[in-house]
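**Student:** Sequence:
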Amino acid sequence: MTAASGAVQTAASSRCPAGTADEVAVARVNTDGPQVTVGGRTWSADPVQQADPATTVAEDRNIRGTRADVLYRSSRVGEFRYEVPVTEAGRYVVRLYATEPWFGVDGRAGGRGSRVFSVDIEDGRAGSRRVDVARSAKGPLRAWTGSWTAQVDDGSVTIEARGVRDLPVLSAIEVLRKHPRGTCVPVAGSSAPAGGTKAPAQPDAQAPAPVTTDQPAQQAEVPAPAPAAPPAPTAAQPVPGAAAASAPARAGTAAADAAVGLLAADTGRPFAAISVWNTPIPGNPAIDRNSAAMVRSVTAKNTATANLYEYGEPVFNAVAGTPTAEVTCTEDWGTCDVEERTMRIPAEARPTTGSDGRMIIVDLADRVVCDFWQARRTGSGRWTTSWATCAPLDGSGSGPHGGATGAGINALTGVVRTFEMRNGHIPHTLSVATNNSCAGAFRAPAVKSDGQSTRSDCIPEGARLQLDPSIDVDAIPGITPGERAVARALQTYGAINRDNCGANLCVQFEAPFGEADPYPGAGFQGDYWGMPHIPWARLRVIAG
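Residue numbers (this note's numbering): 1 to 544.
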């Protein structure tokens, strides 16, 4: 994602002659507002407007950082899903425009961090897990723009937002067709097609009807519209004959993995051999009675998001001679482990560029792992982080104060390491996240939940999912080496839901900072790749 504060952007290209462009608008919508014209470009009225006028509070305000104030003076506040019809497959740019219209305005409490939400483009092909408009725009009533690019093959661009902390806010949507570099097409006028979106679809699995205006915004958190997945109870239950046939192979794999040593610089695996992160799923396990519905809720397109770079997990090793650093935690959530210990942080350490600002330090001298959320280097030997925890490398996967994930589990748990990708083998349980994590319900090993979903098919944080072990992974046409390694780990060890994410299902990988990138060689096609050859719809949820 790219994000900026400032003026409204338009279809253009410095590489194209006047009157042509390689990015051409197909839709512009003034969300929850009437048709307006800004800089000679028309933004169509929102197909469905919210009924509650109290949810939009910037109608007469000066919006700093833009001359297009009128575009920001109406805002949709609440979870939403828009579908923008397009006439051809290809790459499309989605730009969202917003301002923080409530927190920190007129002396109200809050501001940065008070409103955080996820954005999901094309069901996980692009987006961000944490958008904080006030933080990015540097205050309330300031203009913010977020931009994402995604491949669209199904005739419509889907744009969805869900609350992480409080409700999403949106002032305008712009969708542009991104033509290949060097392809310049005539721009026939300055107006995108009016009414170029469908009404924001109420996420209802039965029929994508418009959001009704007599419901409070909180009601929007219901299932997203999706192609109906075939109800296949056999996919969510053990297949006795086939599973028995594959059991010896899985048992052999697990037996070999038992010899894997404790974590070292680029070998081994963290946490105790008897922890849930290192023990295989037994044959014919009990299946959750709601497994089929839960799986359908996150596998409608039979893809999952590979978090490789922007929201990956960068891991840095520290040894006895590694320089120490002073770390300050900015959130007052109790005892912050990294403030209580001598932190060895390598000079090359850096967090991810996504809003999570993730960084993981494995101290091989003290045999602990510390996970940072929103880390930032502030000077030589000085860091700040919103939160961080530490856990023993030979423990369960959680420290005395939990972990810096939604489920309170250490962020190193279940991460697919870069050296595992090079080896083509993952000897442990995987870590996943979903935008359908249950609110107020969790299972061990989770110790809490940041889930927001109240749907009947929500997945508790801590729940363990398994790929049908009867599948012959090697026989799947077109499967890449990386997908094969992931699929086999899902069959043998499964995956544990430990967080919220901005897509239906996300899988956590180590971000390859300061080393050779193994993912292209494993057949992965970039950040957020969907790993489409894995039969995700044949996951099942193990009974808790």
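Derived by calculation from the structure, the hints in this document are not laboratory data. Positions of the beta carbon are idealized from the N, C-alpha and C atoms, including for glycine. Please note: incorrect hints may appear among the correct ones.
[What the hints assert, rightly or not] Here are the simulated SDA-like pairs of lysine to any residue, each with C-alpha atoms no more than 25 Å apart in a straight line:
1. K178 / T42
2. K138 / D154
3. K178 / E310
4. K138 / K178
5. K178 / E88
6. K178 / S114
7. K178 / R382
8. K448 / S380
9. K178 / T87
10. K448 / A485
11. K138 / D394
12. K138 / R67
[As the list claims (entries may be wrong)] Now the in silico label distances, taken between C-beta atoms and shown as ranges:
13. P520 / P180: 19 to 25 Å
14. A320 / R61: 42 to 48 Å
15. A543 / G379: 29 to 35 Å
16. S380 / G155: 52 to 58 Å
17. A516 / G268: 18 to 24 Å
18. G261 / T183: 22 to 28 Å
19. I274 / R64: 54 to 60 Å
20. T353 / P180: 21 to 27 Å
21. D394 / P346: 18 to 24 Å
22. V447 / N284: 26 to 32 Å
**Student:** Hints first: check each against the structure and report whether it holds.
**Tutor:** Quick rundown of the hints versus the structure:
1. K178 / T42: Given that 25 Å is the threshold and the Cα spacing comes to 20 Å, the pair holds.
2. K138 / D154: Violated, at roughly 37 Å.
3. K178 / E310: Cα-Cα ~22 Å, so holds.
4. K138 / K178: violated, 29 Å
5. K178 / E88: Distance ~11 Å between K178 and E88 Cα, so the pair holds.
6. K178 / S114: violated, 34 Å
7. K178 / R382: violated, 42 Å
8. K448 / S380: Violated. K448 to S380 sits at ~35 Å, over the 25 Å cutoff.
9. K178 / T87: holds, 13 Å
10. K448 / A485: violated, 30 Å
11. K138 / D394: violated, 42 Å
12. K138 / R67: It holds: about 17 Å lies between the C-alpha atoms, which stays within 25 Å.
13. P520 / P180: 19 to 25 Å: Given range 19 to 25 Å: holds, Cβ gap about 20 Å.
14. A320 / R61: 42 to 48 Å: Cβ of A320 to Cβ of R61: about 56 Å, so the range 42 to 48 Å is violated.
15. A543 / G379: 29 to 35 Å: Once the Cβ atoms are compared, 50 Å apart, the range 29 to 35 Å for G379 and A543 is violated.
16. S380 / G155: 52 to 58 Å: Distance hint for S380, G155 holds at roughly 53 Å.
17. A516 / G268: 18 to 24 Å: holds, 20 Å
18. G261 / T183: 22 to 28 Å: violated, 53 Å
19. I274 / R64: 54 to 60 Å: The hinted range 54 to 60 Å holds for I274 and R64, with Cβ atoms some 56 Å apart.
20. T353 / P180: 21 to 27 Å: The hint (21 to 27 Å, Cβ to Cβ) holds, given that T353 and P180 are roughly 26 Å apart.
21. D394 / P346: 18 to 24 Å: Between D394 and P346, where Cβ atoms are some 22 Å apart, the hint holds.
22. V447 / N284: 26 to 32 Å: holds, 29 Å
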